[in-house]
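S.K.: Take the two lone chains and join them into the complex the hints point to.
What follows is each chain in one-letter form.
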Amino acid sequence: MGLLRMAARTAVVAGTATAVSGRVARRQANKYDQQAQEQAPPPEQYAPPPPAEDDSMAKLQQLADLHTQGVLSDQEFAAAKAKILGI
Amino acid sequence: MSQVQAYSRLAGVYDEIVVEPCYERWATYLHELWESDPTPVRTVLDVGCGTGLLAFELVALGRSVVGVDASGSMLARARQRLGPDAVLLEQTLPELRVDGDFDAIVSSFDVLNYLGPEQLKATITTAAAHLRAGGWFIFDLHTDAMMDFTAANAIVSGEAEGQHFTIRSVVDPAARTCDTWIDIRRLSDGDSFAEHHRQFFHTDAEVEAALSGAGLSLVTVTDDYTREAISDSTLRSTWVARFPEARHG
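First to last, the sequence lines map onto chains A and B.
Under numbering that gives the first Met the number 0, the residues of the first sequence are numbered 0 to 86, in order.
Under numbering that gives the first Met the number 0, the residues of the second sequence are numbered 0 to 248, in order.
Each hint can be trusted.
Residues from chain B shown here face chain A by an in silico Cβ test under 10 Å; the list is partial:
id, residue
1, I16
2, V110
3, S156
4, R235
To be clear about the criterion: a stretch of chain A counts as covered by chain B if any three or more of its residues have a C-beta under 8 Å from a C-beta of chain B, and this derived list gives those stretches:
id, segment
5, 0-11
6, 26-37
Taking CB as the label site, the calculated pair distances span:
id, chain 1, residue 1, chain 2, residue 2, range
7, A, R25, B, P20, 16 to 24 Å
8, A, T17, B, A159, 16 to 24 Å
9, B, P20, A, G14, 17 to 25 Å
10, A, R25, B, E31, 22 to 30 Å
11, A, Q61, B, G189, 41 to 49 Å
12, A, K58, B, A75, 55 to 63 Å
13, A, Q61, B, E31, 56 to 64 Å
14, B, D182, A, K58, 54 to 62 Å
15, B, T176, A, Y31, 25 to 33 Å
16, B, A132, A, A28, 41 to 49 Å
17, B, A173, A, Q34, 32 to 40 Å
18, A, I83, B, A159, 50 to 58 Å
19, B, S187, A, I83, 47 to 55 Å
Rather than coming from a laboratory, the hints here were simulated on the basis of the structure.
We put the CB at the ideal spot given by N, CA and C, even for glycine.
This is chain B alone, in the form it adopts within the complex (with noise of 0.2 Å):
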């Protein structure tokens, strides 16, 4: 299944019951990142920005915001949120055509668990062609402790917001990959869809590699958007690189 239509449905409800309430807090800690730069970060690129939650949470905190998104029906509750003249656009990695640089571009929330190795690659590469000189790419990933957890939680289910979910993961450790399965019921009137999403553990070297492959230095890599180190108990690591300054003279 592609990534469009692995949203197509849960698009309606995902505000509502798939996530947790993150995002200002992850909003605070790239602002405070970016008030170290000594060039000003005014303009980022989302990729995989979805409903748009973190994008409005940085748009409060002053930056220009330009959202990328494989997901119509994500797109339109991101531009119901952000209103008319947001630049949102749809297109699906690793296509990544956007006019300019910019100062920072973000991918939160495993967006790039759903890339492929070579997926991923490509699109840490096209990434790093759209920043400036000292720009900042920062994204999050699971973590092998999560693929050990989803592995052993294989089956969860529960109630939230008049909605029955259920949801059951495959993890193929060799492979390193995951399907997941999300079944959703309507409490009210029984109305239900399934989706199936699937996605890729990479290995830090993988990344690492391509991250340096892209010419983007590694700054560090912290437990979930805080500046603690990574633990055995840590389930997504949230990973800071930047191209490198302009050589002057």
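Chain A with its partners taken away, still in its complex shape (with noise of 0.2 Å):
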């Protein structure tokens, strides 16, 4: 039931597996990369840009964080929001 299987995979993984089987070792290594790769997850897909108006939001929001945080003066903020918003 695979006892054994389960300590040649974790030393081989390991890299610990001793000399006098380094041919096994390297072969079974070969098996576990190929075996890895057939899990791997696919690789993830990039979220799509979000669409213009959520731009502005997403703007707003930071600069309405800096003023909070006083990076921001109130005019500086105003002034900011303005343009943003085309006012």
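M.R.: Dropping the structure here:
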């Protein structure tokens, strides 16, 4: 039921398999690499860029945060907000 | 320690840390082999079915599978996996009380290495008695390369799925036995247990004699459920034997 396999796999993957079976270890390591690749999840899809209107909202949110943190003065915040909203 | 006791606690973490993701590939190998048989292979007896991983894949490929295992704890997990209608029997080899003849019998993941030479012979004989004409008996065994590898890597430890494990093996090359102790400790709460397993490394000559004594013909021995020939680095050999076709006329 695989205890020896589990031990062999662990030793090979951890790179602690001893020299007497170097050839075995190399061959098995290739197998495990292959299996790992087969099981690896597909690369993550990048999220599509948000639509343009969301972009403005995000910028406003950022500005509001900067304002709250005191990075932007009241005047600077008002000016930047007006620019984004086009008013 | 009996075959049954050896799995009582391990069953709980078996699927998570012991098995390797090989069953789909093995089932595909078996499926392709059986497709070559002009008489369809529909019924399969899985001897030492454990938690039902291979049986599950074979069912997915359209086979009707009966599972036999010595461990009630392993069968309980197989029951969850295969559903209430699956035929699962708790029996200890070489006992094999099942109804009818099967198109194929499989015994995977070194189940037969748990048997001593005499038990192996008896099990192969009993299995042959449950095969139809032309039926298949396919099993895997540890090779001598595995015996050497285990002797050279007597202590191995690692972590998997929140469990720390240590596997200690003592190989007796003259007796061709291996005693293995596995200690498993759950990292979250330190809960631990240990189990002892004893396996036998059968010689090719012993296996061949047992097969021929049971009236089975050896078709091929390959590397780990592939069509590749055995090499010095093969740790697991896959044996394919068949019951002779009935004579006509």
